[in-house]
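> With chain H held as given, fit chain Y onto it using these hints.
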Amino acid sequence: MATDHSRITARFMISPAVFLLLGWMIVPLSMTIYFSFLNYNLLSPGLEEWIGLTNYEFFLTDPAFFEALANTLQLVLGVLFLTVCGGVGLAVLLDQPMWGQGIVRILVIAPFFIMPTVSALVWKNMFMNPVNGLFAHLAKGLGLEAFDFFGQAPLLSITFIVAWQWLPFATLIFLTALQSLDKEQIEAAKMDGARKFNRFYHIVLPHLSRAITVVILILTIFLLSIFAEILVTTNGGPGYASTNITYLVYAQSLLQFDVGGGSAGGIVAVVLANIVAVFLMRMIGKNLEN
Amino acid sequence: MAQKKIPYQKIAVTAFAWAVGMAIFFPILWTFLTGFKTEAVAIASPPVFFNFEWTLENYDAVFERADYFRFFMNSVIISVGSTVLGLLIAIPAAWAMAFVPGKQTKNILMWMLSTKMLPPVGVLVPIYLLFRDFGMLDTRFGLLFVLTLINLPIIVWMLYTYFREIPVEILEAARMDGAPLLNEVVHILTPMALPGIASTLLLNIILAWNEAFWTINLTTVDAAPLTAFIASFSSPEGLFYAKLSAASTMAIAPILIMGWFCQKQLVRGLTFGAVK
Chain H
1 MATDHSRITA
11 RFMISPAVFL
21 LLGWMIVPLS
31 MTIYFSFLNY
41 NLLSPGLEEW
51 IGLTNYEFFL
61 TDPAFFEALA
71 NTLQLVLGVL
81 FLTVCGGVGL
91 AVLLDQPMWG
101 QGIVRILVIA
111 PFFIMPTVSA
121 LVWKNMFMNP
131 VNGLFAHLAK
141 GLGLEAFDFF
151 GQAPLLSITF
161 IVAWQWLPFA
171 TLIFLTALQS
181 LDKEQIEAAK
191 MDGARKFNRF
201 YHIVLPHLSR
211 AITVVILILT
221 IFLLSIFAEI
231 LVTTNGGPGY
241 ASTNITYLVY
251 AQSLLQFDVG
261 GGSAGGIVAV
271 VLANIVAVFL
281 MRMIGKNLEN
Chain Y
1 MAQKKIPYQK
11 IAVTAFAWAV
21 GMAIFFPILW
31 TFLTGFKTEA
41 VAIASPPVFF
51 NFEWTLENYD
61 AVFERADYFR
71 FFMNSVIISV
81 GSTVLGLLIA
91 IPAAWAMAFV
101 PGKQTKNILM
111 WMLSTKMLPP
121 VGVLVPIYLL
131 FRDFGMLDTR
141 FGLLFVLTLI
151 NLPIIVWMLY
161 TYFREIPVEI
171 LEAARMDGAP
181 LLNEVVHILT
191 PMALPGIAST
201 LLLNIILAWN
211 EAFWTINLTT
221 VDAAPLTAFI
231 ASFSSPEGLF
241 YAKLSAASTM
251 AIAPILIMGW
261 FCQKQLVRGL
271 TFGAVK
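Which chain is which? The protein sequence lines are H and Y, in order. 290 is the number that my numbering gives the last residue of the first sequence; the numbers go up by one with no jumps. 276 is the number that my numbering gives the last residue of the second sequence; the numbers go up by one with no jumps.
Worth flagging that the hints you see were computed from the coordinates, not collected in a lab. Any given hint could turn out to be false.
As the list claims (entries may be wrong) - Covered by chain H, according to a simulated footprint, are these stretches of chain Y (three or more residues, beta-carbon under 8 angstroms):
1. 21-27
2. 83-95
3. 104-110
4. 214-226
5. 252-262
Values in this document were obtained by computation on a predicted structure and should not be read as measured data. Virtual Cβ for every residue (Gly too), placed ideally from N, Cα, C.
For reference, chain H alone in the conformation it holds in the complex (with noise of 0.2 angstroms):
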């Protein structure tokens, strides 16, 4: 009885949160979907019409939507490259017994908590700015030319930007992954013979491997996404070079107001993080069970 009871109120309990999730994932996506079939700009309001499937033909045969895919991926993979790479690299040194541990930990996380705004902006005047940047001065110091980063490669500018945003993220969950590994294990290896890098391939790696999967699909999710980064650095340019698909879709609905053509990309990108999210939906479903 009691537990009917109960039920019941935890269902009452449980329903403000979804419905209200509900009512934010239906209503607006629902609304896109809708829109990306009209001609639709709010610089001539009133003249909406069912037109198909032709912003989806326009928005995929564009030359810019090439670029911009072609670009997302490079920003996705490069900024998994460094962040996984320099996080097992991290997680493994800060692993160590040292002096000091907690002080370079904090360091280390520090960025993770600098708005994107702000690590953007301090990263393009006062580091890669050809003029005035640090960089810039450290070239000239050791007798080399400056190098215009955002001018002859935005994209790798950006992709190193936001890995050093995301860095922190990646190392501590592969060192918390590591203060989980059996200890005795190592030292049973090292009794063995086992070379340090052989211990680390045969025993750390495999060991890290969810952590490594974790890593990679909840950064792809978050990467897909970036925006804040490219705004404040190049607005997409030069041309489309630092375009990715999440800002192509905010230019072209809210620069161009192409409510239409937008809601059609918007759809795409839905699509494409849905690819992602599938794989990493699984495995935490699998994490649940146990």
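Showing chain Y alone in chain H's frame:
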């Protein structure tokens, strides 16, 4: 025999780790220092590290932009408000799922999480138009609403993982004594869950404080928080390094300090329990 070996390896590891840590932290330190320089010193070549005359003129200049305080208050209201609102909605839900799990509990949890994976551009256009039509563009209420919803899944998940660690026996004992459900929540569960709730609160304030997609796209002047304020430095004011640094330092300092306190919860909150 009792002679102690000099721990060469530990010394080397320590030196190396400190060097790496300082390198990663350096941009933040540099920003902090530059905020106290004059504009001329800030771009001096070769760069000056510590031996310059410290000045507060940049902080004065930032404060003199009369609206700085409004940006700051917007950040505080939006991040704290959306987190508290989210907690109010999420605590009952997480409680129910942790202690009265049904057949659908797992599915509901997973579905909630999946909403978090919806890329924001997928709903940017309708949200923008709805906000425009309902007069919610550039209002604190509008942002509060959006940020509550985007962080709700994380809040529910974090609370759920904390609540599950509370022993059910205690609740059963209270039930035997005939304590009504509300009492159960208020007097027994809440005190035990308080540490979990506190860290959920902290982490979500950080996430909301740094959120830079909706805060930039849905505000212009009145409701714009610090993320948007800093974005206004993108050009040409960004070339005033000292002022950019002072403004940045003020925007990141409170959250940086807060973040250092809840670094453990970070892993939990952002991996949804997939790494323990």
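> Decide, hint by hint, whether the structure agrees.
Checked hints:
Taking a C-beta to C-beta cut-off of 8 angstroms, the segment 21-27 of chain Y contributes 5 residues in contact with chain H, enough for the three needed, and the coverage statement holds. Counting residues of the segment 83-95 of chain Y whose beta-carbon sits less than 8 angstroms from any beta-carbon of chain H gives 5, enough to reach three: the coverage restraint holds. Note: the segment 104-110 of chain Y has 4 residues with beta-carbon separation from chain H under 8 angstroms; the three-residue rule is met and the coverage holds. Given a C-beta distance limit of less than 8 angstroms, the hint that chain H covers the segment 214-226 of chain Y holds, as 3 residues qualify and 3 suffice.
Counting residues of the segment 252-262 of chain Y whose C-beta lies closer than 8 angstroms to any C-beta of chain H gives 6; at least three are required, and the coverage claim holds.
Checked against the numbered hints above, the structure breaks none of them.
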